[in-house]
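A.B. asks: In the order they appear, the protein sequences are chains A and B. Anchor point for the first sequence: position 424 equals 449 in this note's numbering, and the numbering is continuous, going up by one each time. Anchor point for the second sequence: position 256 equals 310 in this note's numbering, and the numbering is continuous, going up by one each time.
Honestly, I wouldn't trust all of these hints.
Said to hold, decoys possible - Think about it this way: if two alpha-carbon atoms lie no more than 27 Å apart in a straight line, the pair counts; the simulated DSSO-like pairs of lysine-lysine are:
| # | chain 1 | residue 1 | chain 2 | residue 2 |
| --- | --- | --- | --- | --- |
| 1 | B | LYS87 | A | LYS351 |
| 2 | B | LYS368 | B | LYS330 |
| 3 | A | LYS351 | B | LYS140 |
| 4 | B | LYS508 | B | LYS521 |
| 5 | A | LYS451 | B | LYS521 |
| 6 | A | LYS246 | A | LYS472 |
| 7 | B | LYS211 | B | LYS174 |
| 8 | A | LYS30 | A | LYS246 |
| 9 | B | LYS106 | A | LYS351 |
| 10 | A | LYS270 | A | LYS215 |
| 11 | A | LYS246 | B | LYS521 |
| 12 | B | LYS106 | B | LYS87 |
| 13 | B | LYS521 | B | LYS278 |
| 14 | A | LYS214 | A | LYS228 |
| 15 | A | LYS451 | A | LYS504 |
Hints are computed from structural coordinates only; laboratory data are not their basis. Source: prediction; values computed, not measured.
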Amino acid sequence: MKFDKKLSFLLSYWWIMLLFTLGLAALAFGNPEGGESERENRTLQSAPRLTLGSWFDGRFMTEVEGYLGDQIPGRNAVLNASAGVMDLFDLRSDEERILAASVGRELEAAGEMGGGDDELLPQVTAVPAATPAPEVLSVSTPVPELTPVPENVPTPEPTPVPEITPEPTATPIDPAVKDTSKTRSFYYKKADGGVSTVFHFEKDAIESTISSLNAYRAALKEDGRVFFTYVPDSQRADKWLFNTKTYVGWHSDVEATIQANVSEGVYVFSAVNEFEPHMQADEPVYFRTDHHWSGLGAYYMVSSMRSSQGQPAMSYSDFSYTVHEKFTGSIYQSALDMAGTSVYDRLEIPTELAPVFSATYRNLDQFIKEVRYMEPERSSYSAFLGGTHEPFYVVETGFHTGRNALVICDSFGNAFIPYLAPYYDKVCQIDLREEHSFISQRNASVKKYIDHWNIDDVYFIVSNGNGVNSSYMRRTVRKYL
Amino acid sequence: MRVSVFVSTLVMIVLAFFAARYYKNREAILTEKARAALEQGNFEEAESLLGKVVEPAGENTEESEVQELLQESRYRAAESLLAEGKFSEAETAFSELGEYSDSRERIRECRYRAADALEKAGDYTGAAEAFFALSGYGDSLNRYDGCRFMHAGELEKEDKLNEAFLLYRALGSYPGAEEKARAIAVKLTGTSDPELAVQLAQGYSPEQIAVIERLYTARAALPKDVLAVGFFHTVGVRADGTVVSTGRNTESQCETGGWTNVTAVKAGAYHTAALKSDGTVVCCGRNTEGQCETGAWTDIIAIACTDYGTVGLKSDGTLVYTGYANETGVSGWQDIEAVAAGSYITLGLRNGGTLLSTHPSAAVSGWTGLVSAQANTGYAIGLTQEGHVLCTGDANGWDDCVAIGAGSTGYAAVTAEGAVLTRWFEDRNAIDFSDITGAAAVAVGGTHTAVLLKDGRVVCRGSNEYKECDTDAFLLAPAG
């Protein structure tokens, strides 16, 4: 009997000590800045801050609970094991498997994404689990209703095009918007009125991006223009679109701050804010099974950028399309076993409207080879432009406006360029991530390429992985200028 | 005990054997069952059976027998929906088949039959819209006109004479439409003169009618289609029917010296086309996309050029096209009175003043009363009989205009007074013509623009990299 009681006591004692130790380990070895869970596709709780306010309104204890839960050692291993068991018994929906797919490692191996320098998360300061809902912000530029159509089917319904309004008179910039020291965010809007942060943008990242954009503007001719947008990858979109009872929208405010601080002739666009109404209307601006935006998403961004300059925007349906009805992309490939999935995407590859000549060059103007402009027979995102070409890719569009453009991008630029092409004589492309740049082949600064190829406008089209928070926009693009 | 263990083991082995055999032949068994279901018309069952066999589509482009059977099952299910009159569902089903068989064509058939059903149900407005959307498919345009005529009749019966009149007017030379329009106009205005009655019935005041007549006279006096610009060259027709050109000639686009009896000239990116008085068309320049293959054309009354194509309007109101593949879509157009083209877009101005377009960004079903139109990348402009210049997505407020031109960087118009109005999408592309008087026509390019003066001289401004603006020696057909 005595022995039983002793044993019972010891067992309880060791359990309590174990839990206490795990808690201490979480506090000691956890990431005080939270970090991000790719598997869960969310930002983890950062170290709680004890203040009078946070104590009395309960935030502190909520943050402690969240921090202990998110930072416990071995958490990822437990989650992976859990996912494996659920897949074994087919307990997860296709959407859950897509959301859980970790794309980064696989894509690095495939050379699709930048490695090393990618900084998906900024230096995060502690954010309470729930913040008061921000002001409901008005939707950005109204865009026409569009329905992607099958190839070779005349698109009969006239598509209303945006009104081209005269250039608005300059309005004073709100100092609060211009203030780069204030943390900016990209966040989901929740159905309960709260927000869930995806990224924070801090002063250093914002100011570095501003410097990069201004540097490129200064490198162009007097009437040259720089356009910039960062595009969230589709897993950020999937998290909203697969959980529409929880999330009702998203918003990003860093672009307004950047725009308020850049030189004249630099135009900053928010793909987040532009796409929100389209996503709320269930338009497929993103793929669900591939981490890229769709051709329709890229088209909307081109239209928005061109319309801002007073140019009539072509209709999406002006192009004819090769359609792959059951496209499954990069996320599919990494979401473990997707056999029997019911989630597919429709991949529409535009056919060019004029004869195109595209080729790669090195050492400023040394011709390497002609490359196929599009590869519509591929049921893959790489059907756009046949993938990324190195070191310097030039598309002679077949159109004539007397202007040339340079697109500095990651793979998101590949769907963008076909819709940009009709507005320029030449569209050049360069990817400055080391995996795609082959510096030794380029053999000249980007400025020299700009001058040699008579570039009028520069477009920065990057995913969030190479966006404001990444060293790509903050340092790399300037390093090679 | 041992016996029962032996028997149960034996039973398990036998069951396992049959299970393995079934699994091995599962695919064949399911396929046969699916084939049988298909023959009996049980498409859902066939698809369900085949779904158990077919792997999810990925990068695999090989057409296996099972894939083929699945596609056939879906195709026949779509056909069945079409036969049952479920046009929307049938259209969806065909569109999901992608490139299989003639699924694309069947989609249009679904829409056509849906429009037909609307007409039979008496919804002439809906049917007209649906047929218009199918312009170029079969007799859609005829059906469109027919529905509008019926709708106009309905409006007449409802005593909505104004609306009926405008609709009959928009029908142009559709059989019976002109007579009906005149009759209503006389009734509305109390004027015995049918022509005057028609003008008054359109809501025009006497002053407006005077403007319309003045502009009509001004337009009639202007030379037509005697000036054109390509990417880097400029071409004109002299009064004696010969052609003069200047600019880049690397692709022989300026080899026009030997042409005679030319009545109109047009230019694409790197080619030039000319209409001769005998109704034939001659071309020079780049022909890699077939844009110069006009040798067999006859009975042509007007021509136009996209960047990489040539369009001919025949006297019967139909169009012929040669050139870059993506710029087709004019087959099936009828009752075309005028043709225009630019960039990758072709426009047809129909009898009655409505506009057809090969591409949606230049498609404006609401424009009526047009006397001419032009198009370029992403937009179209139309000149109305009142002298207004309409533009998709842009409001310019211009009036009293008699000629228009559209380019990739902007568009322009000539006023009855001979001034040149311009609208450049970006200031950096602007070319100034504010000092010009006595203009008769304008041709807008991407980097240079040419203005024909009434005395036949040409003023050309913009980029002169290839001497495309060296037009001082041009003396073209003057205004009448």
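A.B. asks: State for each hint whether it applies.
C.D. replies: Hint check results:
no.	hint	verdict
1	LYS87/B / LYS351/A	holds (25 Å)
2	LYS368/B / LYS330/B	holds (13 Å)
3	LYS351/A / LYS140/B	holds (24 Å)
4	LYS508/B / LYS521/B	holds (23 Å)
5	LYS451/A / LYS521/B	holds (22 Å)
6	LYS246/A / LYS472/A	holds (11 Å)
7	LYS211/B / LYS174/B	holds (19 Å)
8	LYS30/A / LYS246/A	violated (86 Å)
9	LYS106/B / LYS351/A	holds (17 Å)
10	LYS270/A / LYS215/A	holds (8 Å)
11	LYS246/A / LYS521/B	holds (24 Å)
12	LYS106/B / LYS87/B	holds (12 Å)
13	LYS521/B / LYS278/B	holds (24 Å)
14	LYS214/A / LYS228/A	holds (23 Å)
15	LYS451/A / LYS504/A	holds (25 Å)
Of the numbered hints given earlier, the model fails hint 8 alone.
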